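Hey, can you work out the whole structure from these sequences and the hints?
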Amino acid sequence: MKAFIVFFLLTGLCIQTVQAQDETALIEKIKQKLDQVQNYVATGSMKTDVAFIKAPVGKVKIYFQQPNHFKLVRDGGISILPKGGVSVNMNAIMANNNYVALFAGNSITDGFSTKIVKLLPMNENSDIILTTLYIDEKNLLIRKAITTTRDNGTYQINLQYGQYSNWGLPDKVIFTFNTKDYKIPKGVTLEMDEPLTDADRKKMQQKEGRVIIDYTSYSINKGIPLGIFKH
Amino acid sequence: MFTLLQVELYKIFKRPRTYIAFIAIAGLIAIIQLGLKLDGDAYVSFVMSNVEQSFSFDGKLLNGYLVCYIILQLLLVHVPLLIALVAADMISGEANIGTLRLLLTQPISRYEIMFAKFIAAAIYTLLLLIWMAVLALFVSIWLFGTDDLIIQKTRYLVQLSSDDVFWRYIGAFGFALLAMLTVAALGFLLSVFAENSIGPIVGTISIIIFFTILSTMSIPIFQKIQPYLFTTHMVAWKDFFDVKVNSDNNVIKGTLQNKSQIIHSAWILIAHIVFFVGAATFVFKRKDILT
Amino acid sequence: MESVIQVQNLSKQFGEISAVKNLSFNVPKGSIYGFLGQNGAGKSTTIRMLLSLVKPTEGSIHFFGIPLQHHKKEIFKNVGAIIEKPDLYGYLSAYENLKMFAKLNGIHPTHVQLMNQLEQVGLAERAKSSVKTFSQGMKQRLGIGIALIHNPSIIILDEPTNGLDPQGIADIRKLIIQLSKEAQKTILLSSHLLSEIEQMATHILIIDKGKKIIEDSAKALFNPAETIVEIATADNAHTLSLLQNSKWQSAIQFNRGPNIFLKMHYNEIPAFNRDLFQWQVPLMMLQPRHSLEDYFLQVTANNFSDEIIKNI
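Residue numbers (the numbering used here), protein chains in the order written: chain R, 585 to 815; chain F, 3 to 293; chain P, 11 to 322.
Treat the hints with care, since some could be wrong.
[Claimed, not checked] In silico DSSO-like links for lysine-lysine, alpha-carbon gap of 30 Å or less:
| id | chain 1 | residue 1 | chain 2 | residue 2 |
| --- | --- | --- | --- | --- |
| 1 | R | Lys631 | R | Lys791 |
| 2 | P | Lys83 | F | Lys287 |
| 3 | P | Lys191 | P | Lys109 |
| 4 | F | Lys287 | P | Lys221 |
| 5 | R | Lys655 | F | Lys255 |
| 6 | F | Lys287 | P | Lys31 |
| 7 | F | Lys62 | F | Lys287 |
| 8 | F | Lys62 | R | Lys756 |
[What the hints assert, rightly or not] Derived coverage of chain F by chain P (criterion: at least 3 residues anywhere in the stretch with Cβ under 8 Å from a Cβ of chain P; other residues may be distant):
| id | stretch |
| --- | --- |
| 9 | 13–21 |
| 10 | 193–207 |
Think of the hints as simulated: they come from the structure by calculation, not from any bench.
Only a predicted model underlies this, so the values are computations on that prediction, with no experimental measurement involved.
From the three backbone atoms N, C-alpha and C, an ideal C-beta is built for every residue, glycine too.
This is how it looks when you write it as structure tokens:
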């Protein structure tokens with residue numbers, strides 16, 4: 585879950601602080617757009633999609649408060665989220681205004697033409713090595729972000745926009761991450777082994793996992809319940 | 003017939019031995035529940051350590067449903083011993099104390115005696131499982147609450163919504179009943195051949211242990227014979243805790259991944275029960291009572 | 011007389027051993043039918059076949075003219091039995107045992123009826139005690155109580171006095187005679203003790219090694235005209251030649267060792283004794299026996315046990 589926080593902080597805060605020579609103006613514009621939202625409460629559904637996890641779609645509530653408070657709460661049930669997010673420490677990057685934002689070309693993301701901007705932390709000890717943003721300049725929306733970390737591999741975040749695009753808020757977020765193998769010693773579960781089909785094998789070799797959040801509604805700038813960010 | 007059944011049940015429940023099983027189950031379940039209550043999170047993180055390296059779980063992982071699953075997984079392997087204690091004693095026990103000849107000189111046919119005795123053993127088995135269900139499921143729910151049930155299968159992890167679990171337990175206990183009835187039927191068959199109850203009880207337990215080892219060892223030569231062992235099919239209750247997913251890898255609530263496997267295993271167990279009880283009746287009908 | 015049990019050509023083979031060979035007999039209605047034989051003679055096997063505990067290899071058994079093989083249920087509504095030891099459910103009380111067997115016979119006696127039944131066999135005071143605390147005699151009496159609970163017209167008792175003390179034996183005897191005389195039950199009674207049978211039986215069957223030796227009414231077997239007289243003299247050969255040349259010649263049955271056996275009317279014994287005296291035969295012993303004893307002796311000649319001598 586914290587990975588999401590990371591992402592939102594990234595999109596929110598880096599815009600405030602990064603001083604990329606070429607792209608400062610663009611990032612400033614996006615920041616201004618996002619600054620319209622002081623807080624929101626969103627509802628939606630969340631699904632963890634990993635080859636070796638069979639999980640149901642769950643209802644979630646998402647709370648946000650400027651500048652960097654973010655919380656995802658599952659409406660009952662257990663949420664399974666990639667652990668990697670926990671160790672991504674963005675505070676270090678944010679504390680030092682120590683980035684380089686570089687233009688890295690143009691691309692087409694989800695059918696939109698985007699500008700690729702690479703954010704490099706200057707701090708050698710930062711867990712984040714590189715963040716790449718795919719920015720839809722025309723609509724001032726971030727369509728994709730890829731973060732490479734030292735300890736937890738690479739994350740990719742895809743955002744799709746709909747009726748809340750004016751606020752810069754996505755309708756759908758797909759968070760893609762790498763997974764390790766799932767292995768339990770044979771015999772431990774004492775189950776019958778049904779034969780593996782080729783499709784099963786192919787599926788199980790898939791090493792990418794995704795967490796997909798579909799937002800159904802936002803309640804923007806209407807305030808949020810007190811104490812929600814207290815752990 | 004009903005009178006005979008009543009009498010058989012009366013005999014079962016008048017004996018102290020019968021209650022050993024109920025007490026043993028209550029004790030075992032209480033110990034597991036106590037252990038999990040005191041240090042359950044450590045246990046869960048130990049069991050889940052493999053997945054917890056990559057994932058974090060937010061919610062009540064250790065809930066009544068999981069506790070019940072842990073109990074069933076640990077206990078159902080041993081319940082056959084308790085079933086054998088009564089079922090394998092049904093005929094041999096009476097032969098041993100000499101009451102069998104008195105029973106057989108009453109105006110009752112041997113078929114009726116066998117039928118009533120097996121039904122009585124089956125009712126005992128049923129009550130034992132109900133007792134187990136009450137303690138393992140309802141008491142665990144009371145102690146630990148409910149939430150989604152997360153189960154590690156050999157190849158994947160299954161998350162079942164808390165509103166999609168209860169019926170699966172009904173199915174699992176129903177299937178477990180079938181599995182335990184197979185044990186009861188086996189014990190019943192062996193009890194026809196002996197004139198003391200130790201032999202059939204030990205015999206039943208030995209067969210179950212032997213077959214269970216063959217059923218669970220993943221050695222290629224054993225795997226070839228595993229589909230033919232009834233003990234392999236006795237664990238099919240676990241298939242109630244697996245669910246189908248759609249093309250988006252979304253769980254479809256209320257489905258069973260291996261419904262056909264459950265039905266197949268159920269039929270195999272039913273066939274065993276019919277065979278064991280049929281053979282027991284066939285042999286007993288022709289048996290000379292010399293005790 | 012009408013027979014309530016008819017046994018025809020009954021045989022039972024246990025592997026190589028034939029326990030019962032071609033046995034036929036009829037149990038008349040209202041009789042106390044004594045079934046006599048040594049231990050291992052085939053009595054128990056026969057009784058177990060009558061109670062359908064053991065399947066006959068050959069032959070047929072009819073109760074009330076109905077074949078046992080396919081009508082066990084209806085027949086056993088009218089038969090009560092004790093086979094050897096009175097084994098009961100030790101973890102149940104006398105009362106519970108009795109009530110349970112009543113149920114199995116399709117009757118539902120009241121508490122008073124059950125207590126009366128226990129009273130009849132002298133166990134009313136111990137009604138609530140569990141049977142495992144009972145003595146052999148108490149168990150036997152409860153066994154009889156159970157055998158009688160459904161008021162059967164035939165009672166089959168296999169060695170009912172086995173393991174009982176003298177008082178217990180006397181009680182059981184009294185009960186059997188009472189059941190026969192007052193309740194007009196037909197009683198089939200097996201024993202290896204002649205004395206036991208002799209005191210109660212109206213009819214007697216003796217078997218040995220699975221075969222019938224004799225079956226007759228006690229009256230015929232105790233016929234004074236058929237009294238066997240056994241004598242022993244100091245010079246057996248001489249005595250035998252004297253007898254062979256006298257009017258007693260036709261009475262000589264056989265001689266075994268130093269003893270000579272003759273058959274005569276009981277009333278002729280004084281005259282016979284007089285003749286021996288006149289011939290100055292050195293008489294050591296003269297013992298009259300009725301023919302039943304004689305048959306039983308023949309049967310058991312090769313294995314005279316102290317017990318049998320003691321009981322003759």
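Hints and how they fare:
no. : hint                : result
1   : R:Lys631 / R:Lys791 : 17 Å, holds
2   : P:Lys83 / F:Lys287  : 14 Å, holds
3   : P:Lys191 / P:Lys109 : 27 Å, holds
4   : F:Lys287 / P:Lys221 : 27 Å, holds
5   : R:Lys655 / F:Lys255 : 27 Å, holds
6   : F:Lys287 / P:Lys31  : 23 Å, holds
7   : F:Lys62 / F:Lys287  : 56 Å, violated
8   : F:Lys62 / R:Lys756  : 27 Å, holds
9   : 13–21               : holds (count 4)
10  : 193–207             : violated (count 0)
Checked against the numbered hints above, the structure violates hints 7 and 10; every other hint is satisfied.
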